[in-house]
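Chains as they are written, first to last, in the numbering used here: chain S, 147 to 391; chain U, 9 to 310.
Think of the hints as simulated: they come from the structure by calculation, not from any bench. Heads up, some of the hints might be wrong.
Okay, derived cross-link-like pairs now, DSS-like style, lysine-lysine, Cα gap no bigger than 25 Å in a straight line [unchecked claim]:
no.	chain 1	residue 1	chain 2	residue 2
1	S	Lys149	U	Lys285
2	S	Lys272	S	Lys148
3	U	Lys167	U	Lys153
4	U	Lys285	S	Lys148
Label-pair distances were calculated between CB atoms; the ranges are [what the hints assert, rightly or not]:
no.	chain 1	residue 1	chain 2	residue 2	range
5	S	Gly296	U	Glu258	41 to 47 Å
6	S	Gly242	U	Gly17	48 to 54 Å
7	U	Asn290	S	Gly296	28 to 34 Å
8	U	Asp296	S	Lys385	50 to 56 Å
9	S	Asp202	U	Ala243	57 to 63 Å
Which stretches of chain S does chain U cover? Using the computed rule of at least three CB atoms under 8 Å from a CB of chain U, they are [unchecked claim]:
no.	stretch
10	344-356
11	369-379
Fair warning: this is a prediction, and the values are worked out from it, not measured in the lab. Glycine included, each C-beta is placed from N, C-alpha and C at the ideal position.
Each chain, written out:
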Amino acid sequence: MKKGLFTIIENRLIADKTWKMRLSGECHGFTGGGQFADIAIDGRFLRRPIAVREWDNDGFDIIYKTVGEGTEQLSRTKEGTVLDILTGLGNGFDAGRCAGRALIVSGGLGASPLFSLAKELVEKGKDVNVVMGFNRSSEIILEDEYRALGVKLTIATMDGSAGIRGLVTDAIMASGAEYDYFYTCGPKVMMKAVCGFCPTSGEASLEERMGCGCGICYGCTCHTKSGPARICADGPVFKKEEIIW
Amino acid sequence: MVTSVNLCGLKLINPVIPASGTFGFGLEMAPVYDLNVLGGISLKGSTAEPRFGNECPRIAECPSGMINSVGLQNPGIDVLVNDRLPALRSIYSGCIIANISGFSVDEYAECCEKAALAPEVDIIEVNISCPNVHGGGLAFGTSPKAAAEVTGRVKAVCKGKPVFVKLSPNVTDITEIARAVEDAGADGLTLINTILGMRIDIAARRPVVANRYGGFSGRAVFPVALRMVNQVARACSVPIMGCGGVASAEDVIEMMMAGATAVQVGAENLRNPMVCKEITENLPSVMDKFGIKDINEIIGIV
Numbered sequence: 147m148k149k150g151l152f153t154i155i156e157n158r159l160i161a162d163k164t165w166k167m168r169l170s171g172e173c174h175g176f177t178g179g180g181q182f183a184d185i186a187i188d189g190r191f192l193r194r195p196i197a198v199r200e201w202d203n204d205g206f207d208i209i210y211k212t213v214g215e216g217t218e219q220l221s222r223t224k225e226g227t228v229l230d231i232l233t234g235l236g237n238g239f240d241a242g243r244c245a246g247r248a249l250i251v252s253g254g255l256g257a258s259p260l261f262s263l264a265k266e267l268v269e270k271g272k273d274v275n276v277v278m279g280f281n282r283s284s285e286i287i288l289e290d291e292y293r294a295l296g297v298k299l300t301i302a303t304m305d306g307s308a309g310i311r312g313l314v315t316d317a318i319m320a321s322g323a324e325y326d327y328f329y330t331c332g333p334k335v336m337m338k339a340v341c342g343f344c345p346t347s348g349e350a351s352l353e354e355r356m357g358c359g360c361g362i363c364y365g366c367t368c369h370t371k372s373g374p375a376r377i378c379a380d381g382p383v384f385k386k387e388e389i390i391w
Numbered sequence: 009m010v011t012s013v014n015l016c017g018l019k020l021i022n023p024v025i026p027a028s029g030t031f032g033f034g035l036e037m038a039p040v041y042d043l044n045v046l047g048g049i050s051l052k053g054s055t056a057e058p059r060f061g062n063e064c065p066r067i068a069e070c071p072s073g074m075i076n077s078v079g080l081q082n083p084g085i086d087v088l089v090n091d092r093l094p095a096l097r098s099i100y101s102g103c104i105i106a107n108i109s110g111f112s113v114d115e116y117a118e119c120c121e122k123a124a125l126a127p128e129v130d131i132i133e134v135n136i137s138c139p140n141v142h143g144g145g146l147a148f149g150t151s152p153k154a155a156a157e158v159t160g161r162v163k164a165v166c167k168g169k170p171v172f173v174k175l176s177p178n179v180t181d182i183t184e185i186a187r188a189v190e191d192a193g194a195d196g197l198t199l200i201n202t203i204l205g206m207r208i209d210i211a212a213r214r215p216v217v218a219n220r221y222g223g224f225s226g227r228a229v230f231p232v233a234l235r236m237v238n239q240v241a242r243a244c245s246v247p248i249m250g251c252g253g254v255a256s257a258e259d260v261i262e263m264m265m266a267g268a269t270a271v272q273v274g275a276e277n278l279r280n281p282m283v284c285k286e287i288t289e290n291l292p293s294v295m296d297k298f299g300i301k302d303i304n305e306i307i308g309i310v
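Same shape as in the complex, but just chain U (with noise of 0.2 Å):
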């Protein structure tokens, strides 16, 4: 049986990677498990400078799903540079992807730059689709011409390694912005981010995130990534990390026959911090369930 996938010419163990903002820096997990069984790890947004976020409350439930408006909190590309990247690569031998956001296409640039010279990084994830900064993310991810830019410059300085950009679901077609980048030599895409969303503490009279508005994931969301995976599969030829509310082997494998190559798991990981280790675990019986023998052989068959 086959569960590796070939990423940008990268090998994966199998296509199960946490997502960027719901894993850490993968150091926070080495001491529950063994971080290796995993395809790949997504690490938290970094930006140029350190940032504290948003103020909280930052979280808010909601049916079958949660919101979240952490807002970029990070200490910065140098200490992810310099500190980060070489615990994690000490422990854990997969492919590690570099999750990059930025307040400007020079910004994204020369933290890209920085990440892609860091020789634990395998693959720049280009995060044009936070939808919790202001001025920031999300105003690159929902214009062709911005996210074109921005996927341009990052190319030119990324040194050869993979750059993956990850879109929002936040636009009325992404086929769009997805061709758009895939156009500005972009070699995959990370799609979906979070669903701009709100919850209002109805007691209180107010929004229960102090941000106002957040970012909606979790498995509420996984029929609305699906179909966008599938949209963006029969519109462009780039590989695909599929995201969005996957929470078992069985959403790996619908994700993967909607035509994703590898596939991120988010929100779930914050309700069951095991999640991707039991996936993993699951996926070969799951696969045998369904007569797959080569995981690969599924990729957008739908």
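Isolated chain S (complex conformation) (with noise of 0.2 Å):
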């Protein structure tokens, strides 16, 4: 964990209520894709933790939606504002399990998280394929930076305003991804589905309300077939096998 003071370079709209923020500044924290940072908010009492999307010598960016009075605030907050920023935080994902050919499957914002990962194992000359979830088309978020990649992507929209009408369960089986481990982080209750449906090992990034965010408090611990984790220090991100949904 790393704690420094980063500046709003941009701050945009860029699908249905969500966000691209990239932030400008010292950033040695991030280790992994799958991390997250622990923003605070002018006149709120906690931080609010975000995914990271992708990050470099100058800076990293996160993708976020409003979902409530702070992340609303959030998206008021003008470029060249000073943001106070815990960074480098969670475990992240372990791309180094993934033998030759990855299973990404992404539900919503989820898409964030797994684009660092998607792009190591690539430049590790993995095989990856990405499935991509979303309610709506008006959703759909870095469609165009994942086939930058040069994955193989399938999108699914619930109303099937844009890809394959349906859950991203329905996605994998149709994309006729063939995989050794996976990789997943959107809701809940799809994360669960894919965990159930995919046969291989994988893992998923779980997301609790949280107090400090660096694994002091306790206040977002999680049941695990290993005991009781804390989901910001611990985690977020959960081999398969651990989890108890």
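Two chains, two frames, some hints: make the complex.
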């Protein structure tokens, strides 16, 4: 964990209620895709934990949805504003566990934390299949970015307004993807379905209301097969075999 | 300039102590900063048996504060004694405070005895004020008779180590409990624990935290904590660790003027994990600004 000051250099609406924010600052806290940042928002007591899409030496970017007062306020924050942020939080996905053929399954905003992982897997020469699910076409994010990585991409929408109509599990079947390991991030009910559907081992990124975001308050503990685990510090990514849904 | 304080014969390099439940077992923060800048560390509360605690959500945002309903999640006293304490002592030379909870007088006594026998422990802090667990903690903290009984039993098994009792603000008259605990042999008092509170998710039409109610803490409670510390300081003679809404070096000074000998920092750690270190760094210049040469000279002056 590192605490630092970051300047907003971009904060724009990219899809339905969905914003992309680029933050500039000294960024050496992150080690892997699936980690998150904890952002202090003026006038709010607790920080807001938000997954990181991508980072480099000059900063990082996040994609977030306006779901409450904190994120509404974040969306109104102007470019040039300096934010106090904890970076490098959480364990992140383990690209090393995939032998050769990866399946990435996202639901909604889950496409964001999985992006760096997809990039890393491609760089490692893995065969990467991506299945992205959204409620409707107006919520689609990162389609071009994923395509630019050269992965095989299948999109599903619940209302059929883009791609395959139906659930991500329908899209996994339709894609004909072959894989030896999967990674998933999205609504809990979706991830549970994916973990049940996919016969291989894999990992999922869990979510919970957090206090500290760095493992000291035990405010986001979940049950796992190896005992209680803090989603912020022991996770948010857990192996499928560990998770108790 | 003197920032060190004397707490029951123990010398703390400064009065700043992360409060129980807001700093894990200290070890979690060791990679982030050198813990030796802290006067003391109050560890996450321990019980006889391991506890998962309450279901999530356990956290709710509030104006200038937060609600938690963790519910005493901990790995149990034996893990504390055999694993966490030796690990912490190997990297930290300051005052280690073992915070103990229980569901019966016997359990309090058993746990406190184990903690007192651990060579790493300097102070036992008896939590009779957790609002998040049914039938435990708070049940003892709202009755002078029960609070005195726990204190007496714990004091008898603690082999001369200082026993602080952590008091609840969820009472009509905190001085009544404080006096009962002092009379029963407590060496000091910690106050306040969290104030029982609630938030409702109006869209979902249900409480935000799964346990319905939780403990409210953070900056908003500072004036309440300060008032209670002052009331207890005027009613009792044992030293006090003041706690509740402390977020700055100025707050530390205010709390000490109200009557605290040492000051615990709680919820603020959750929004700024560096806050205790920052307070210790700012304390000398803030003392200088207000013409304080020895921090001991301001204890209880108001």
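Here is what the structure says about each hint:
1. Lys149/S x Lys285/U: OK: lysine 149/S and lysine 285/U at ~13 Å, within 25 Å.
2. Lys272/S x Lys148/S: 31 Å, violated
3. Lys167/U x Lys153/U: 23 Å, holds
4. Lys285/U x Lys148/S: 14 Å, holds
5. Gly296/S x Glu258/U: 41 to 47 Å: 56 Å, violated
6. Gly242/S x Gly17/U: 48 to 54 Å: 53 Å, holds
7. Asn290/U x Gly296/S: 28 to 34 Å: 52 Å, violated
8. Asp296/U x Lys385/S: 50 to 56 Å: This hint holds: roughly 54 Å between Cβ atoms.
9. Asp202/S x Ala243/U: 57 to 63 Å: This hint holds: roughly 59 Å between Cβ atoms.
10. 344-356: holds (count 3)
11. 369-379: Result for this restraint: holds, n = 3.
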